[in-house]
Amino acid sequence: MQEMMKNRAYALLENGTVDRVLGWTRGEFAYDMTPAVFRNADEVKNGFVYNDFCAANLSKYLVKECRAGGKILVFLKPCDTYSFNQLLAEHRIKRDMIYVVGIECFGKADVEKIKEMGIEGITGITAKDGIYTVSTIYGDKAIKPADVMAERCLACKSKKHVVYDELIGNEGEVVEDCNRFDMVAKLEAMTPDERYEFWRGELSRCIRCNACRNICPACTCEQCIFDNPNSGVSQKAAVNSFEENMFHIIRAFHVAGRCTDCGECSRVCPQNIPLHLLNRKFIKDVNTFYGDYQAGEDPTAKPPLGKYEKNDIEPGEAGGAKE
Amino acid sequence: MNTETLIPYAGIVTEITQQTPDVKTFRVEAPGGGKLFEHKPGQCAMLSVPGISEAMISITSSPTNTEYMEFSVKKCGCLTEWLHSMEVGQMITVRGPYGRHFPVYDELLGKDLLIIAGGIGLAPVRSVINYVRDNRDKFGSVDIVYGSRSKDDLVYYKEIVEEWMTTPGFNVHLTIDNPQEGWDGHVGFVPNFVKELNPDLKKTVLMCGPPIMIKFTLGGLMELGFKKEQVYTTMELRMKCGIGKCGRCNIGNKYVCKDGPVFRFDELDELPNEY
Amino acid sequence: MQDVKEFRPTIVAFCCNWCSYAGADLAGSSRLVYPADVKIIRVPCSCRVNPLFILRAFQRGADGVIMAGCHPGDCHYTSGNYFARRRMTLLFSMLDYLGIERERTRVEWISAAEGAKFAKTMNEFVATVTALGENKRLEDLRCKK
Amino acid sequence: MKKLSLAKLNDFFAAIAAKQALYLPVNNKVGKADFTKWTAGTEMSKALNTVRSAKDFFFPQTENLMDFKMEGKNIEVIDSREECEDFVVFGVRACDAASFAILDSVYLVDPVDSYYKNRREHGTVVTMACGKPAETCFCGTFGIDAANPAGDVTVWEVADGYMLRANTEKGEALLAATADLLEAGDEKAVEAAQAKTREIMAKLPLAGLTFDGVGVGKTKELFDRPEWKTLSESCLGCGTCTFVCPTCQCYDVRDFDTGNGIKRFRCWDSCMYSDFTLMAHGNSRNSQVERFRQRFMHKLVYYPDRNNGTFGCVGCGRCLARCPISMNIVKVAKTLGGNK
Chain A
1 MQEMMKNRAY ALLENGTVDR VLGWTRGEFA YDMTPAVFRN ADEVKNGFVY NDFCAANLSK
61 YLVKECRAGG KILVFLKPCD TYSFNQLLAE HRIKRDMIYV VGIECFGKAD VEKIKEMGIE
121 GITGITAKDG IYTVSTIYGD KAIKPADVMA ERCLACKSKK HVVYDELIGN EGEVVEDCNR
181 FDMVAKLEAM TPDERYEFWR GELSRCIRCN ACRNICPACT CEQCIFDNPN SGVSQKAAVN
241 SFEENMFHII RAFHVAGRCT DCGECSRVCP QNIPLHLLNR KFIKDVNTFY GDYQAGEDPT
301 AKPPLGKYEK NDIEPGEAGG AKE
Chain B
1 MNTETLIPYA GIVTEITQQT PDVKTFRVEA PGGGKLFEHK PGQCAMLSVP GISEAMISIT
61 SSPTNTEYME FSVKKCGCLT EWLHSMEVGQ MITVRGPYGR HFPVYDELLG KDLLIIAGGI
121 GLAPVRSVIN YVRDNRDKFG SVDIVYGSRS KDDLVYYKEI VEEWMTTPGF NVHLTIDNPQ
181 EGWDGHVGFV PNFVKELNPD LKKTVLMCGP PIMIKFTLGG LMELGFKKEQ VYTTMELRMK
241 CGIGKCGRCN IGNKYVCKDG PVFRFDELDE LPNEY
Chain C
1 MQDVKEFRPT IVAFCCNWCS YAGADLAGSS RLVYPADVKI IRVPCSCRVN PLFILRAFQR
61 GADGVIMAGC HPGDCHYTSG NYFARRRMTL LFSMLDYLGI ERERTRVEWI SAAEGAKFAK
121 TMNEFVATVT ALGENKRLED LRCKK
Chain D
1 MKKLSLAKLN DFFAAIAAKQ ALYLPVNNKV GKADFTKWTA GTEMSKALNT VRSAKDFFFP
61 QTENLMDFKM EGKNIEVIDS REECEDFVVF GVRACDAASF AILDSVYLVD PVDSYYKNRR
121 EHGTVVTMAC GKPAETCFCG TFGIDAANPA GDVTVWEVAD GYMLRANTEK GEALLAATAD
181 LLEAGDEKAV EAAQAKTREI MAKLPLAGLT FDGVGVGKTK ELFDRPEWKT LSESCLGCGT
241 CTFVCPTCQC YDVRDFDTGN GIKRFRCWDS CMYSDFTLMA HGNSRNSQVE RFRQRFMHKL
301 VYYPDRNNGT FGCVGCGRCL ARCPISMNIV KVAKTLGGNK
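Protein chains in written order, with the numbering used here: chain A, 1 to 323; chain B, 1 to 275; chain C, 1 to 145; chain D, 1 to 340.
Keep in mind that the hints are not guaranteed to be accurate.
[Said to hold, decoys possible] EDC-like cross-link-like pairs, simulated, lysine to aspartate or glutamate; straight-line CA separation at most 20 Å:
1. D/Lys218 with B/Asp266
2. D/Lys29 with A/Glu197
3. D/Lys220 with B/Glu267
4. D/Lys170 with D/Glu85
5. D/Lys334 with A/Asp32
6. A/Lys186 with A/Glu197
7. B/Lys40 with D/Asp79
8. C/Lys145 with D/Asp79
9. D/Lys29 with A/Asp32
10. C/Lys144 with D/Glu85
11. A/Lys115 with D/Asp34
[As the list claims (entries may be wrong)] Counterexamples of contact, computed for chain D against chain B with all Cβ distances above 10 Å:
12. Lys19
13. Lys73
14. Thr124
15. Thr168
16. Ala195
17. Glu227
18. Ile262
19. Lys334
Hints in this document: simulated from the structure, not taken from any laboratory. From the three backbone atoms N, C-alpha and C, an ideal C-beta is built for every residue, glycine too.
With the hints as extra help, turn the sequences into a complete structure.
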C-alpha cells in the first residue's frame, strides 16, 4: 500500500497535477506517524509513511491548505471521505483545489491496545501475512491485528469512499450491521441515575485540552464560542462539573447533524473519554426522529437541523429513555 | 499568610480627565486618601474592574506626587471601554508596581535627555518628565519631541504648554501628522522631525510610541550617530500576572512584565524579533 | 435547631414575544394565579433560544427551564418554532442521556389567547420541579448563595 | 534505609491517611492511572505513570485566587486564601519529582506565589523508583535517574515489599510516624532493583538521547530556523501537550460573575492557544508556527537561559504518548539539534 501511494504521489507531483501531497511522515517509534505536507518527490521518498498506525483523518487540514493556494493531493480513508464531503457541503474547502486519492482501509491499529496487552518497551512493529510482529527490548511478540483494532474501526460504518478522484485498492461497501449504536442503546436502557454516574465518571476526567475540538473536522469555526471572551461562556479550564458538562453538551450539539462519526474525538482524547457516544446519541436521535441521515454521504443533502417537518415529534414525546 | 502580589488593592477614582477623544486620565487614590503604593518612573500596574478584566497600564504620574496616582487609558478593548464609561467615585482595583523603571536613580543622573513619544506613548514617559521637573538639579537639559495624529490627539496638552514649556532647561517640540486649522506648529511624522531637529549625540534617549514610530525613529537616530546603548524604550505585551510567572509576555528569554517594560535597545538586539 | 425551609424552585421560562409572552400577560391581567417562582425571559421567537441559554439558566440557579412559543404553524416568523422544536427535542434528549432529570425541561406552545394554559402549564411545571427538588446535576456551585 | 513488607502496605497507607490526606496512583475506569485519594480498599495502580502529572497537587488546573464583593461604586477585595492541610503524594516518579524543582524555580522566586508555596509546604512527596521504564521515557537526557528519584521519601519496589529512604526532614517525619510498621532494610536489595531499572533504561530507544543541539544561548541560532514551519504544520493548536506536561506552568487569570459577587480564578493556560497573547490591538504570536515555536523555545532555550542550563523538560514522555498528531519535544529537539 505504502509503495503504491508513494508512486502515485511521485507521478502526480511530476506531471504537475498537484504541487503538494498531504500524507503521513515517520515518527520516533513504530506507531507515532505525524500528518505532513510533502512538496516534492524527494520529500515523499524520504519521509512518506503509510501503515496501520496512520490513523489521523486528514480532511480537516484541507481547510488550512485550501487557503494556501495551489493544488493538493490528499489520501483519504473511507471514513475520512465523509468528513471531506461534509466540509464541501459547508463550503469550508474547495473541491477543485484538492485531488482526492481514496485508500482502501482494513481498520486501524490502536497502540494503546497493544500496550494494554502488557507489551512494553516497543522498539518496532512490522506487519506481515496478517500478523503484527512487535519487537520489544524484552523480545518479539506476535499479535493479531483484530485484537488491537481501534474501537471506532470495530464498528466501522462504511468501507465505501463517498468521494475520490482515484482509488488505491478496492472499493468497499457500506456496513449495514455495524452495531455502532449498541453502546448508546445500552446507556439509554439504564436508569437516569446510572447514566448520570456513567457520564460523571467519564467527563470528570476531562482536562479541557481542546484536542477533541481541534481535531474535529466539523469544528471549523473561525472562533469557537468557548474561546470568544464576548460570548459569556468562554472558558479555558472546566472549573467544575457544570462547565465540563456544558462544554461537551454544547460541542456535541454544535456538530449535531454534521458529525460524520469519524471517531477522531475519542481517538485523540488524552483521557480516553468516549466522546463519540455523545455524537452517536445525536446521530441516533436524528435517525429515529427525522429519518435516517448520514452526514457527509451526500454533500447536497439538507442537514436535519436546517429543515423541519410540520408533524415533527414534540420534545416531550421524544422519550427514548426508560425510567 | 504573607502578602500575595496577585491580590489587588481597591482604589477610588477621584478625577477623570478627557485628554483626547479616546484617551482619559484616571486619578486613583486609596480609600483613606493618598497613594495605594509607591512606584518608580516607568513602572506599571495592573488595573482591573472585577468581572470585566485586568490589564497592565503604565503609571503616568510621577513618584514625586505624594497624593495620588494617575493612569492614562486609551479606549481600545473591553476593559478600557469599561473604564471610559466610569464615573468619579467609582472603585477599581490596582496592584503593582511592576517591572523595571527608567534608570533615573543612576544612569540618567546628570544626563541631557531626549524624550520622544508618539500618541498615548507619552503616558509612560510623563512620569519621568515630571520626576525630572521635580528633581531639576539632578539632570541636564530635557528635549521632548512629541507627536500625534492631530492637535486633538495630543495628550496632556494643557500640562505640556503650561508646565513643561515653562520649565527652565526644557524644550518641547510638538508635531502632528497632518496640517490642521488652528495649528501653526510643526507638521510631520515623529521620525523625520527628530532627524530635522538633529539632536546632540551626547543625549540619552527615552522613547515610547507605536511600534512603527519606534522602528523608524530608532533608524533615524542610528543614522544621526546615536548608539543603541543610549536609547531606552518601554514595551507592552499581553500580560496576566505581571510578575513573570504566567508565561505569555516573554520576548525570547525576557519577560516584559518583570525584566522590562523598560529596555535599552542593545538589550532588545539580543532578543528574537517577536514583538 | 436548623431552620428548615420549604423548597421553592427557581424556574426560568423563555417566552416568545408574540404568543407566549402575550399569553403570560393575559394570565396576569385575567388574575390567573401561577407561582412567583417563574422568571420570564422574553425572546423575539422561540427560535432565539440557543441551547446555551438553557444550560446557562441551570448554571445560574434554575431548577427547571421551560421554553414556550407560538403553536406550530403560527410562528410570527413563519417557521422559527419548527426549528426550535427540533433543537429542543435533541437537546432535551441529550440532557436525559446524561442522566439529568427529564422533568426539569419542558417545551409548551402557548398562544396569546391562552392565558389559562399559561397559568396551568406553569402551575404544573412548578409542581413537577418542586417534587424533583433542587437541581443538583447541572448546578454550578459558584453561583449558589 | 527502612523496609516495608508487602503485607503491611495497606496498614502503612492507613497509618498515613489517618493523619493527613494520602494520594496515590489508582486505575480509573478506563484502566489508566490517576492520582486518587486513598480510602480503605483503594488499590495502588501498577501503571508506570499517571496520565496527568503530579503538578496538579501544587499547581491545580483551576483555583480560586480571591473574591470581590461589588456594591454600587464600591469594591471589596476578599482574600479567600486558606492554610492548606497537610497531604502526602505517594508514588511520584523521578521525572515528576524533578518537575517540582522546575515549578519551584518559577513560583518560589521573588515575588513568591503564596498559593503554590502554601501547597508546597504542606505536601510531602513520596517518590517511587521506576521498575519498568517505557520506550517513551527519556529522563536520562536531563540527568534524572529513574532508579533514584528525589522527593521527601524515596521508595523502591523489591521482591517482598518496599524499601524506603527519607531524604528530607519531612520525609524523616513521615517515616517516624509510621516507624512501627517498618523494619531495618538492606541497601543491597535497592542496588539490585536500581541495576535492573538502569539496564532497561539503557536498552530503550531513547537511551543516549542528548539535547546538545539546543539549550543556553541558542535563541538567535534557532529562532529563525525554517524547520519550525514543517514541524508545526500539523499542530492542531490544542493544549494536550501543555496540560499533561509536568513542567508547563503558564496560567490565565479570569473573573467569573456568580451573580452574587465576582470570583477571580486562575487556570492552566496553553501557549498553543490562539488567544494566549491576544490583545485588544493585535497578537504578538499570530500563527501556529509562532505559538509552536514559543512552547519549544521556552523549554529548550529560554528556560535554560534563565536557570543555569536546566531544560524545562524532565523526559516523562507524556507528550510523546498523548499528542493527537504525535509531534513532540523529542522530534523537535532532534530536528533542530541536527542529530536525526
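If any of the earlier hints don't hold here, list their numbers in rising order.
-> Checked against the structure, the hints that fail are numbers 7, 9, 10, 13 and 18, while the rest are satisfied.
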